[in-house]
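Novice: What follows is the residue order along each chain.
Protein chains: 2
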Amino acid sequence: MEKHVAVVGSGNMGSCISKICALNARSSTEFCNEVRIWVHEELIGEEKLSDIINTRHENVKYLAGTRLPENAIAVTDLAELGSWADILIFVLPQQFLPRVLAGLKGHTRPGACAVSLIKGVFAGQEEEPMPRGLSLLTDLIRSNLGMECAVLMGANLAPEIAKEVYCEATLGCRDPIRAAELKRLFQTPYFRISIIENEFSVEICGALKSIVATGAGFCDALGFGDNTKAAVIRLGFMEILRYVQRFYGSAGVTKRTLMQSCGMGDIISSCYNTKDVKWAATHDGSGPLGMHDLVTTCYGGRNRKLGEAMVLTGKPLRQLEKEMLDGQRLQGPLIAAEVHRALQEEGQLQRFPLMVAVHLICSGQMKPQDFIEQLREHPEHM
Amino acid sequence: MEKHVAVVGSGNMGSCISKICALNARSSTEFCNEVRIWVHEELIGEEKLSDIINTRHENVKYLAGTRLPENAIAVTDLAELGSWADILIFVLPQQFLPRVLAGLKGHTRPGACAVSLIKGVFAGQEEEPMPRGLSLLTDLIRSNLGMECAVLMGANLAPEIAKEVYCEATLGCRDPIRAAELKRLFQTPYFRISIIENEFSVEICGALKSIVATGAGFCDALGFGDNTKAAVIRLGFMEILRYVQRFYGSAGVTKRTLMQSCGMGDIISSCYNTKDVKWAATHDGSGPLGMHDLVTTCYGGRNRKLGEAMVLTGKPLRQLEKEMLDGQRLQGPLIAAEVHRALQEEGQLQRFPLMVAVHLICSGQMKPQDFIEQLREHPEHM
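Chains A and B supply the protein sequences, listed in that same order. Residue numbering for the first sequence follows the numbering used here, beginning at 119 and increasing consecutively. Residue numbering for the second sequence follows the numbering used here, beginning at 119 and increasing consecutively.
One thing to keep in mind: the hints can contain errors.
Identical chains share a label here; the pair holds if one copy fits it or two copies do between them.
Below, in silico cross-link-like pairs of lysine-lysine (DSS-like), each with a Cα-Cα straight-line distance of 30 Å or less [to be verified]:
#1 K433 <-> K281
#2 K433 <-> K485
#3 K485 <-> K281
#4 K179 <-> K121
None of these hints come from the bench; they were simulated from the model.
Same shape as in the complex, but just chain A (with noise of 0.2 Å):
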C-alpha cells in the first residue's frame, strides 16, 4: 500500500519540505505520487494561494522563486486532509497549531503517524502553568490526534533548502521501522538525515537552543569577541544538556543527541547568522531597525537579532517585538521564561546561570550589561 503524505503548513519551509517529498514519492514505489500541502487559504492580489500553486507551481508568497513539483498538490480542507493522509506533516508557526488540531481530530486514518518541524513549546499560560518542565507541541499533535508523531529538526533554514544547499537534520523517532521510511521520504543529496530514537530530546533541542541564540545576540551587541561568543555557546550548550537530562531522559541519548544537527548544529548556526553581521555592525542603536529585514529572515536568526537589538536600543522587549515582528512573540524569550519557572520550582536556578540571565534580561529584571557577570561563577567551571 502506497502512503499518502502530507505537510500541513505552507510557509517557506513548509514549501521546502513539500518540494522534497514530492520529488522523493515520484521516484518510489512507497509513497502515493500526489503529495498533498495544507494551505491556510489566502488572497494574492485576485487569486487564491491554493490555485498559485496548483497551476503555477511555486509558493509566490511564501517561497518564491522554487519550482514545486507538480505532484505537490495544495488543498485547504483539513478534515478531507487528514482522512486522506497516512503521514502528517506539521510544519506552521506554532500558534496556529491548535486551530489545526481541531481541524483534524476525529478525522484521521487508523495506523497514521505524524512527524513534526515546529521548533518551539508550548508555553503555560500564567493562570494554568505546566506540571514540569516543558510542555511539548509534538504531546499536543499525539493527544489530539491520538497517533505517534515524530521530529525532524536541525540547522535548517529554508532560503538555503530551496536553493539545495547541503545540510543536515536530526529525526527524532522511536520506532526504527518508521524512522527509516521516513528518512527515505526526507533525505536528498543536499538534506542529510540522521536519526536518533529519542524524540524528546529532539524537540526540546530545537526549542531551548532559542534561549542560547538570544544571549548570543547580547554578546554580540555588547562587541565580545570570539573567545566569549564561543563560550556562551558552550555554556549553553552544556546547559541544554543538563536540563534535559533532568527531565527528559538519560544521560547517554542526551549527549548523542546534543551532538547531532538538532543541538550542537542548529545552535551555531542560531548563534551566528554571519550574513547579518554587517547588519549588526552598521546599526548605531538610533532610528527604526530593519525590521523588513528581520520579518523576512529565517525564524533561527531572530532570537540573536532580537537579543543584539534590545541591547543596541535599549528598548524593553515587547517594544521590540511590535516594531520589529508585527507584534509576534519571539521564540527565545518565551521559552526562557517557562525554563526559569520550571527550574524555579525544582530550585535549580543556580545551576543555570546562562538561561536563567537571558530570561531576566528580556524580562527587563535584569541589565543586559550583567549578563557575561552572570557566567563567572558557572557550575561548569567549579
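Starting from the known structure of chain A, fit chain B onto it as the hints suggest.
Specialist: Leaving out everything else, chain B in the frame of chain A:
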C-alpha cells in the same frame, strides 16, 4: 614551599599568561611572587626585548598596550630558568620547542612539572613517519625533561585575553591535586578553567580543530550559507570525536572532552572569526591578500583564512604560505596530512571524509569545489 613559576615563551599568548600568573602569584602564598618569563632575546631598535619588559613592563613587540605586572621578570638563560622553576609553562611556536627543550634538558628541578599551551602536533618527517596516530608535543616535553606535562587549551585568542574579555579554557591534567593547583595559578574572573583528567584528548582537540577550521574556510569562500557551515563544523566535531576515541581514549572521556572549551569552544571560535567576515566579503581574488592582517592575527583564525584564500585565489597552499605567512607552515594542512597518513595505515579513510578531503585539497589532489561533495555520504548520515 612556594612554587617557582616560569613561562617559556613571550609571544602574545606567553605575555598574557605571564600577566595572569604573575597577578595570581602576587596574591597567593603557594606561588613565589616572582614569575619568570623566558624571552628569546631580540633587539627592538637599540634595546633588548628583555630589558624593555623588565623596565617598561610591557612586551612592546608582541603585546603592545598591555601592562605586565612588575613581578613578571624577563630572563634569557634557559638552563638557569630550568634549575629554578617548579612549574614550566610552554607557550611558544612549536617549531622552537625542540631547541628550547635541548636548552632545558638536564637543568630541571626534581618534582617540577610542565604545562603546554602549544596547539599542534609533531608532524612526522617523511623519512621517519610517526608509528601510529599523531605524535604529541607534550610527549616531546615529557621524554626530554622527564616530567609530567599538563595541557591548557581552549577558545583563547590572546588579544581578547589581554583585554580581559570573558573566556574559558580547559586544563588537561591527570593528577587532581596538581590540577587544582594549576587552576589556582591560571584562573581569573575573565579566564575560566574547567579540568579534564585525560591530557591526550585535550591536546588532540587543540590540534585537530585546525583541520576543521581549514574546511570552514573553504565553505566561506565557496559562498555556502549558515546551514552548510554548521554541518561542516558538526561533522568535523564528530570526526575528531571518532579519531580521538580510536587512537587515544575511551568514548565517555572523549565526549566529555569534546564538549569542553578545548573541543567545541575552540572549534566554533576558529571556524568563525566574525571580525574577519569583511575581509572575505571584500576580497575579489585578485591582487595580494591582506598579508599583514593574516600574520598578526591569532593562530586560530589563520587556518580558516588560508582555506578561504585557497579557494578565492586558486593559488596552491605553499605559495599562499609564502605570500601570507612569510613561508611559515600552517598547522591545519600539516596536521591533515599526518591524520591522513595515520588513517590510511589503519584502513580508515572512508570513515573520515571531511578530514580526508581537507588534506586532499590542501595537497592539490582535489578541487576545493568538490569539498561538499565528499560529505554527502558521510557515515554520520548512514
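Novice: Between copies, within a copy, both or neither: which fits K179 and K121 at Cα up to 30 Å?
Specialist: within (29 Å within a copy, 69 Å between copies)
Novice: Measure nothing new, just compare the shortest in-copy and cross-copy C-alpha distances for K433 and K485 to 30 Å and report within, between, both or neither.
Specialist: within (11 Å within a copy, 49 Å between copies)
Novice: Checking K485 and K281: alpha-carbon separation at most 30 Å within a copy, between copies, both or neither?
Specialist: between (40 Å within a copy, 22 Å between copies)
Novice: Please sort K433 with K281 into within, between, both or neither, judging by C-alpha distance up to 30 Å.
Specialist: between (36 Å within a copy, 28 Å between copies)
Consistency with the previously given hints is maintained throughout, with no hint failing.
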